[in-house]
Amino acid sequence: MPTEIENINPNVYGKIKEREVTAHDEDESVADPFDKREIFDLIRTINDPEHPLTLEELHVVQEELININDKENDVHINFTPTIPHCSMATLIGLSIRVKLLRSLPSRFKVTVEITPGTHASELAVNKQLADKERVAAALENKHLAEVINQCISV
Amino acid sequence: MTTPTRATLEAALKNDVKLQKTAAQIAKDVTAGSYDLAILAEELGFALTSQDTDARVAGTNLLSSVLAGLPVDILNAQQLEFLTTFYTDRLRDHHNVMPAIIEGINALVHMKNLPSQYVPMILQSFFQHTTCQSQTRGDRTKLFNLFQYLTLHFKNELQTMAGDFLYGLINSIDGERDPRNLDIIFSFMPDFIANYPLLHLAEEMFEIFSCYFPIDFNPSKQDPTAITRDDLAGKLTNCLVATPVFAEWTVVLAVEKLESDLVVAKLDSIELLHQAALKFPPDVLEPHFEQIWQALKAETFPGGDNVEIVSMALKALAALLERAATVPSISQNYQTIVLGVVLPHLTDVNQRLFNPATAIALVCVAGDARYAAGRILNSFLLKLQAAAAQTPGSISAEQRNKLYHIIAQVYKLTGLRQALEQLDSRTTLAIQTDVIATLRLFEQEGFDDKQLDLQRASLAVLNECVPVLSEAQRALVYKALVQLISHPSINLDFTYLTVQLGALQPVELQSNFIDICIRNFEIFSNFIKRKIYANLLPLLPQMAFTQRILDLVMTQVFKTTTPDHVRLLALEALNTLLTQEDQRFVVELQQNSNLIHKLIELAQQTSPLPLEALDQIAAALSHIIQQLPVSEQYAIVSEYLPNLQLQVAADLYVAKGLLAYLHKDISLDDHFERLLHDLTDLSLHTQNEQLRVIAHHLLCSLVNKIEYNQANHSKLLVTIHKLKTAIKAGDVRAVEVLAWITKGLIVSGFADAAEIVGDLAELLDHPTLSTGAALAFDIISAEYPELDLPVVKYLYKQKFFHTILNKLGNKLAAYCVHHLKAFIYVLKATPHPVLKLNIEKLGPLLFKSLEYTEAQTLCIALGICENFVRQQDVYFQAHLGHLIPSCLELSKYKEHHTMQVRISALQLLYDCTKYPTFVLLPHKVDVTLALASALDDPKRLVRNMAVKARNAWYLVGAPSGD
Chain A
1 MPTEIENINP NVYGKIKERE VTAHDEDESV ADPFDKREIF DLIRTINDPE
51 HPLTLEELHV VQEELININD KENDVHINFT PTIPHCSMAT LIGLSIRVKL
101 LRSLPSRFKV TVEITPGTHA SELAVNKQLA DKERVAAALE NKHLAEVINQ
151 CISV
Chain B
1 MTTPTRATLE AALKNDVKLQ KTAAQIAKDV TAGSYDLAIL AEELGFALTS
51 QDTDARVAGT NLLSSVLAGL PVDILNAQQL EFLTTFYTDR LRDHHNVMPA
101 IIEGINALVH MKNLPSQYVP MILQSFFQHT TCQSQTRGDR TKLFNLFQYL
151 TLHFKNELQT MAGDFLYGLI NSIDGERDPR NLDIIFSFMP DFIANYPLLH
201 LAEEMFEIFS CYFPIDFNPS KQDPTAITRD DLAGKLTNCL VATPVFAEWT
251 VVLAVEKLES DLVVAKLDSI ELLHQAALKF PPDVLEPHFE QIWQALKAET
301 FPGGDNVEIV SMALKALAAL LERAATVPSI SQNYQTIVLG VVLPHLTDVN
351 QRLFNPATAI ALVCVAGDAR YAAGRILNSF LLKLQAAAAQ TPGSISAEQR
401 NKLYHIIAQV YKLTGLRQAL EQLDSRTTLA IQTDVIATLR LFEQEGFDDK
451 QLDLQRASLA VLNECVPVLS EAQRALVYKA LVQLISHPSI NLDFTYLTVQ
501 LGALQPVELQ SNFIDICIRN FEIFSNFIKR KIYANLLPLL PQMAFTQRIL
551 DLVMTQVFKT TTPDHVRLLA LEALNTLLTQ EDQRFVVELQ QNSNLIHKLI
601 ELAQQTSPLP LEALDQIAAA LSHIIQQLPV SEQYAIVSEY LPNLQLQVAA
651 DLYVAKGLLA YLHKDISLDD HFERLLHDLT DLSLHTQNEQ LRVIAHHLLC
701 SLVNKIEYNQ ANHSKLLVTI HKLKTAIKAG DVRAVEVLAW ITKGLIVSGF
751 ADAAEIVGDL AELLDHPTLS TGAALAFDII SAEYPELDLP VVKYLYKQKF
801 FHTILNKLGN KLAAYCVHHL KAFIYVLKAT PHPVLKLNIE KLGPLLFKSL
851 EYTEAQTLCI ALGICENFVR QQDVYFQAHL GHLIPSCLEL SKYKEHHTMQ
901 VRISALQLLY DCTKYPTFVL LPHKVDVTLA LASALDDPKR LVRNMAVKAR
951 NAWYLVGAPS GD
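Top to bottom, those sequences are chains A and B.
Under full-length UniProt numbering, the first residue of the first sequence carries the number 1, and numbering increases by one thereafter.
Under full-length UniProt numbering, the first residue of the second sequence carries the number 1, and numbering increases by one thereafter.
Be aware that one or more of the hints could be misleading.
As the list claims (entries may be wrong) - Below, a list of computed lysine-lysine pairs in the DSS-like style, where the Cα atoms sit at most 27 Å apart: (1) B/K924 with B/K894; (2) B/K297 with B/K315; (3) A/K142 with A/K71; (4) B/K664 with B/K728; (5) B/K412 with B/K479; (6) B/K924 with A/K142; (7) B/K892 with A/K109; (8) B/K948 with A/K15; (9) A/K36 with A/K15; (10) B/K793 with B/K724; (11) A/K132 with B/K598; (12) B/K315 with A/K132; (13) A/K36 with B/K892; (14) B/K664 with A/K15; (15) A/K15 with B/K894; (16) A/K17 with B/K598; (17) B/K402 with A/K17; (18) B/K948 with A/K109; (19) B/K797 with B/K894.
To be verified - Chain B residues, not near chain A, derived (Cβ > 12 Å throughout): (20) Q399; (21) Q542; (22) T579; (23) T898; (24) R950; (25) P959.
As the list claims (entries may be wrong) - Over 10 Å on every C-beta distance to chain B, these chain A residues come out as not near it, computed from the model: (26) N11; (27) V12; (28) H76; (29) A136; (30) A137.
The hints are simulated quantities; they were obtained by calculation from the structure and are not laboratory data.
Note that this is a predicted model, so its numbers are computed, not measured.
We put the beta carbon where it would ideally sit given N, CA and C, even for glycine.
From just these sequences and the hints, can you work out the full model?
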């Protein structure tokens, strides 16, 4: 963790309400497909590494920036760092990846990328996040794993 | 007794036990007047003046012990003078003698006749020749107790010593490390400091306390006189704020220690500031306010993760502002400083600092409502007006919503401080106009019925500002309320507002709201009627409206032309009314209008009512009956019960109303046989399940209340016999009826109940009735809150559990399906502590039942396991190897595993993660792998639980996962 906080007064947004349980949800005979909201619920509670706030409250992740195709097993997520030079961007992306790795069925191909045009070193970060070997290696690093576990433990 | 001689004394001085014994004897003799103390002193002279230190120690010890043993009033001034001189001289002696001297002085100062001028002498000599801190721990305790006694009883004398005493005391305390002694010091010093002038030594006095701050102390576990850290910290804080003279240093100390990283230090510092705010007068603290505010700001704005620190800091700030409120000039000075920082951040709802800013702003309002509320409301008004001037929508609904909620809180706090009327009316009126306009948005075309958050927020503000609404604004509010209530699809709760308005403006509310509702009542739809009832009933307690509202409900209930569905609504309203009002009101209502009679007539009218309406009538009857005195209950039952034909639905419902909650002292012996017979018959023969349920409940409650005399007993046996015959013929319904009767009997502790339970247990082997029999155990053990069973045998659940365990024991050991199922039903209702006592026996049964395929049983078994696991039960910890694979199996999507089962199994797996890491680690890999399949469950609710469980398991033993 850095000693200096980069962005001291970020904008904070409201949280959306808890998903309401519908009659369909209770009905055993209806299958519920994966949808945007479900993926969003998985990652919106991840904590920001700098502030005691969630990614949702900082609008780092937004429901509109998630694309999912349940039939073709594809999940695509864009996230938006609060400032273009945010050094935490990789860490945030990694946290999202790890959370989904643990929470989604393995049939999905998950892509996590920075929203185009919102970060200075967008391409480098995207490349790092797409590299399975590097993600796995990051989790072997005790200190990194510690920070990530802190971010994604609810 | 003989006077002591040198020989006897010498013998006594040989060892401690003898010494104490002799001292006690001498004290007794002197008290009795056998001889004078002077003789003792004379005889003891050899020891007191001996060259040998040990002899002097023993001699002084004896003398001091004698003194300690004497009554406080026996020695005269002359004797005491002599003794005082002796002891003050002794203070120069070898330090080994000191404990004895301290004890002697301690005894002396407690003497009643001691001339007070000697106290300074003793102290002076003490401070001159020895120091407190060179004594042992026990002696220091004695000394501090001595100082405490002196400060309480010799204030004048000690004040004549001026600085000497203070200096001596400061030296004595300085460096004390023992928590027990510190506890004594911290307890008596605040009073001392507050009552004695500290002269030039104030700062020294402060220093000896401040060096302990913040207290760092871990009590040892074996300590019998457990002093906790928090005790000491609290007492030390009292010392530090004991006099306003300390204010300057206290503030500096607290602010300095607040910068620490230790949570305890921070909390102690904030508490010190809080206490300082409470104890020190505002004018003393004023010069330091800027300093305090900067320190508190660092903790609250934006504030860290620790909620406790933030809330404590806000509390301290609130205390500071509240104390200052008595002096307007200081208060405004404070408020200007604080609000100056906070107000700019109140404008943007979306910023991180907005929430901390509102918290501080509200604290300001709590301190000086008139000034702070005025300024805050003003800044909100500017924001709202800016929004109105620009295009609508420049401030989002969400922002407006948040603003309104804060405005509501500001109003509320101001109202609590009785300062609403003192606010600048131009500001409040403008804000209220904005709020009312927002509320009335729903009247526009194309309004989205689902988005009512803003309207709710507006109502929240209006709730608080009722007293300062202008007449024109009230008129608008009434209009809006009428529109709201007659709106065909919006259902907003604004009862609190109508109640407020009713209390302040009864005439207006009557003509502008209530009258309109009642006048047009007939033409409204049921949805609106229901809303009207919901909003009018809370107004009933207000005298002005009682009669009108009551008339409305009664007319709707009893008018013959009312359609059934409208009557049902009215009956529901009547029931709400009966439950919300107090006993006096209900009794009066019954006496004035004979409501029971009318209701029974209504139920029995020629054209039959629908069952829902009858059910409401029964509920209303029960409500009234319960509130009446016993004698009246009895009269009513004897009047109506004999004429009821229980086969008729209407009469059955009336019987339910009359009997369900009847007082248990009312004897039903005369009707018992008939009721028993009719109800049993009804249950065995009717096709209507609803009526059967009522019959069962009545039977259960009836046999529970009845007195077990010979006659009743035989009647009961006849019925039970009849049921058994029916059971032999294979009638499942008879099993059910029998179960209900047994339930009533078991709860009341009837002796033969165990036998019937045995009969039911035998049925578990029956080829066709086994399922029914298993359900019977569910009926017996389950709780039915709507069922009135007034006679309750102490610990009947435990008894029932043991009966079952005995009856089913052998079969359970063989894991018979139906027995196990019946047993699980019983376990569900058995109190957790009983299960815990028998877990060794029950554990294998529970695990076995997790292998069955019946969803309901599985759910109950999982629920019981969860209760144990949640409390980190040791038995389950030892059997995780069994439990976890079972749960993993149950979490899979299969035919018999319903959603409930899968979710419960996953929940159980999640709860397991609370066990210590070392027990879990062997299972971690298996669980995380196996849970992957649950992540792809077709049902979302199951997936959610699976995600929770799997993520928790990943954190087991992971770095910082704990």
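Checked hints:
| no. | hint | verdict |
| --- | --- | --- |
| 1 | B/K924 with B/K894 | holds, 24 Å |
| 2 | B/K297 with B/K315 | holds, 12 Å |
| 3 | A/K142 with A/K71 | violated, 36 Å |
| 4 | B/K664 with B/K728 | violated, 34 Å |
| 5 | B/K412 with B/K479 | holds, 24 Å |
| 6 | B/K924 with A/K142 | holds, 18 Å |
| 7 | B/K892 with A/K109 | holds, 23 Å |
| 8 | B/K948 with A/K15 | holds, 20 Å |
| 9 | A/K36 with A/K15 | holds, 16 Å |
| 10 | B/K793 with B/K724 | holds, 26 Å |
| 11 | A/K132 with B/K598 | violated, 79 Å |
| 12 | B/K315 with A/K132 | violated, 50 Å |
| 13 | A/K36 with B/K892 | holds, 24 Å |
| 14 | B/K664 with A/K15 | violated, 54 Å |
| 15 | A/K15 with B/K894 | violated, 36 Å |
| 16 | A/K17 with B/K598 | violated, 48 Å |
| 17 | B/K402 with A/K17 | holds, 15 Å |
| 18 | B/K948 with A/K109 | holds, 21 Å |
| 19 | B/K797 with B/K894 | violated, 36 Å |
| 20 | Q399 | violated, 9 Å |
| 21 | Q542 | holds, 36 Å |
| 22 | T579 | holds, 29 Å |
| 23 | T898 | violated, 6 Å |
| 24 | R950 | violated, 6 Å |
| 25 | P959 | violated, 4 Å |
| 26 | N11 | violated, 5 Å |
| 27 | V12 | violated, 5 Å |
| 28 | H76 | holds, 19 Å |
| 29 | A136 | holds, 14 Å |
| 30 | A137 | holds, 15 Å |
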